[in-house]
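Keeping their order, the protein sequence lines are chains D and A.
So the first sequence is numbered by the numbering used here: it starts at 1 and just counts up by one.
So the second sequence is numbered by the numbering used here: it starts at 223 and just counts up by one.
Worth flagging that the hints you see were computed from the coordinates, not collected in a lab.
Incorrect hints may appear among the rest.
To be verified - Label-pair ranges, simulated between beta-carbon atoms:
| # | chain 1 | residue 1 | chain 2 | residue 2 | range |
| --- | --- | --- | --- | --- | --- |
| 1 | A | F240 | D | E128 | 13 to 21 Å |
| 2 | A | F240 | D | K181 | 35 to 43 Å |
| 3 | D | S176 | A | N259 | 56 to 64 Å |
| 4 | D | D76 | A | N259 | 37 to 45 Å |
| 5 | A | Y241 | D | A175 | 33 to 41 Å |
| 6 | A | A307 | D | R8 | 31 to 39 Å |
For every residue, glycine included, the Cβ atom is placed at its ideal position computed from N, Cα and C.
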Amino acid sequence: MYSFDRVRILVIEDNQPMLDICRTLLLTFGVGEVLTARNGEEGFKIACKENPDIIIADWMMEPTDGISMTRRVRKDSFSPNHYVPIILMTGFSEKKRVVQARDAGVTEFLVKPFTARDLYKRIAQIIERPRQFVRSEEFFGPDRRRKADAVFNGPFKRESDVAAMAAQNIRKKEASLELDKLRKESGLSKTDKIGDIGIKRVDTKTLDMNKASEIDFDIDFK
Amino acid sequence: MTDTEDHYNMQPRRKAEFYNPPNHLKLKVGNGGLTENILNKAQALLENNSVDFTPLAEMYLDAMMKGIEQARTPSPDLNKDTMIAAILFPGMQLKANGGMFQYQLVTQIADRFIQFIEVIDTIDPDALEIIIAFHTTIRAVILGRIKGDGGKRGEELITALIEACHRYFEKKQQTR
Numbered sequence: 001m002y003s004f005d006r007v008r009i010l011v012i013e014d015n016q017p018m019l020d021i022c023r024t025l026l027l028t029f030g031v032g033e034v035l036t037a038r039n040g041e042e043g044f045k046i047a048c049k050e051n052p053d054i055i056i057a058d059w060m061m062e063p064t065d066g067i068s069m070t071r072r073v074r075k076d077s078f079s080p081n082h083y084v085p086i087i088l089m090t091g092f093s094e095k096k097r098v099v100q101a102r103d104a105g106v107t108e109f110l111v112k113p114f115t116a117r118d119l120y121k122r123i124a125q126i127i128e129r130p131r132q133f134v135r136s137e138e139f140f141g142p143d144r145r146r147k148a149d150a151v152f153n154g155p156f157k158r159e160s161d162v163a164a165m166a167a168q169n170i171r172k173k174e175a176s177l178e179l180d181k182l183r184k185e186s187g188l189s190k191t192d193k194i195g196d197i198g199i200k201r202v203d204t205k206t207l208d209m210n211k212a213s214e215i216d217f218d219i220d221f222k
Numbered sequence: 223m224t225d226t227e228d229h230y231n232m233q234p235r236r237k238a239e240f241y242n243p244p245n246h247l248k249l250k251v252g253n254g255g256l257t258e259n260i261l262n263k264a265q266a267l268l269e270n271n272s273v274d275f276t277p278l279a280e281m282y283l284d285a286m287m288k289g290i291e292q293a294r295t296p297s298p299d300l301n302k303d304t305m306i307a308a309i310l311f312p313g314m315q316l317k318a319n320g321g322m323f324q325y326q327l328v329t330q331i332a333d334r335f336i337q338f339i340e341v342i343d344t345i346d347p348d349a350l351e352i353i354i355a356f357h358t359t360i361r362a363v364i365l366g367r368i369k370g371d372g373g374k375r376g377e378e379l380i381t382a383l384i385e386a387c388h389r390y391f392e393k394k395q396q397t398r
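Work the whole structure out from these sequences, hints included.
Following this line, the structure appears as structure tokens:
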């Protein structure tokens, strides 16, 4: 079982009853110390002084909101830990808001109202599946790509993607050589038409990668 | 050339460096997660909190009304986004906090309200009428201290507001 007694969490929330609720939930989880602040400015100061293990912040706060606080934690030279996991709490759930939070360097997004289990799941996610960090010219924060897309068909944006693409090309070349071998074994020359190599059209949204039948190729030798 | 190489997006590829910070948290907490017993206890505390939500709700409703007044008689130096934000943000607070303090119906209504506000281009008189209807309904729920989802009456209120939103968008489409 998890033992949170050595964990220190900073909760930043301007709404006192909500702050009390978060504190109570975390203490019930067994968190050793819950630090509190009433806005992003105060929260950043406490983060610098106390270096907590996790920060949980509300989005809408005056004078400094949770997004600005996140940017400071990630980029400010006074920040003691640029990698600290940050959970952003908000009533917003629209995609554009999630993207805004993600681009500021937020680790997890917790939509209010939430249950005790929702809060626990975000914390468990941080513990069990920590995100790698990315530094590019205009971004520093947790990797914004949540999952590898096996059938990704969009533009490659990172230089490292080019390496992945090169590896993919090598695999394609190997498959082509394998086909040549099959041609040879069947007594066909390279100029002979093998027939339709029909690739099953699959709905990538519902694609189950565990089912080989959905991702294989239909090769019809005529 | 592959499909991906041939993509129309020809923005320069970014140099990205990757870091895997040490997972100190995992070392501190160990394995196994939390027990159902602890999670149930935490949930019970959340559901049984005795905080009176009405003063908070009144504060957000007042802020929303100020935004509505601003939109009713807009000053020339007030831009559209600021005008919408003044109404949207208190609405978001109502959605966020209602359900945390047993007013699930407030959350449901405010959620619909946010969905409406997030997609409208401008606050015209028709939109303003709908915004006021949402404000009035939430206020009635708070004054009536209707906790939970409000049962059948709550369902009817939400349906009426959704239908009003649909009528608004249908009218907009016809006038285009």
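These are the hints, each one checked on the structure:
1. Between A/F240 and D/E128, the C-beta spacing of about 19 Å keeps the proposed range 13 to 21 Å intact.
2. Taking 35 to 43 Å as the suggested C-beta distance range, the pair A/F240 and D/K181 conforms, at roughly 38 Å.
3. The supplied range of 56 to 64 Å is met by D/S176 and A/N259, whose beta-carbon atoms lie about 58 Å from each other.
4. In this structure the hint that D/D76 and A/N259 lie 37 to 45 Å apart at CB holds, the actual value being about 41 Å.
5. Take A/Y241 and D/A175: their Cβ atoms lie about 35 Å apart, and the range 33 to 41 Å holds.
6. Restraint check, A/A307 to D/R8: a C-beta distance of roughly 34 Å satisfies the suggested window 31 to 39 Å.
Comparing the model with each earlier hint shows no violations; every hint is respected.
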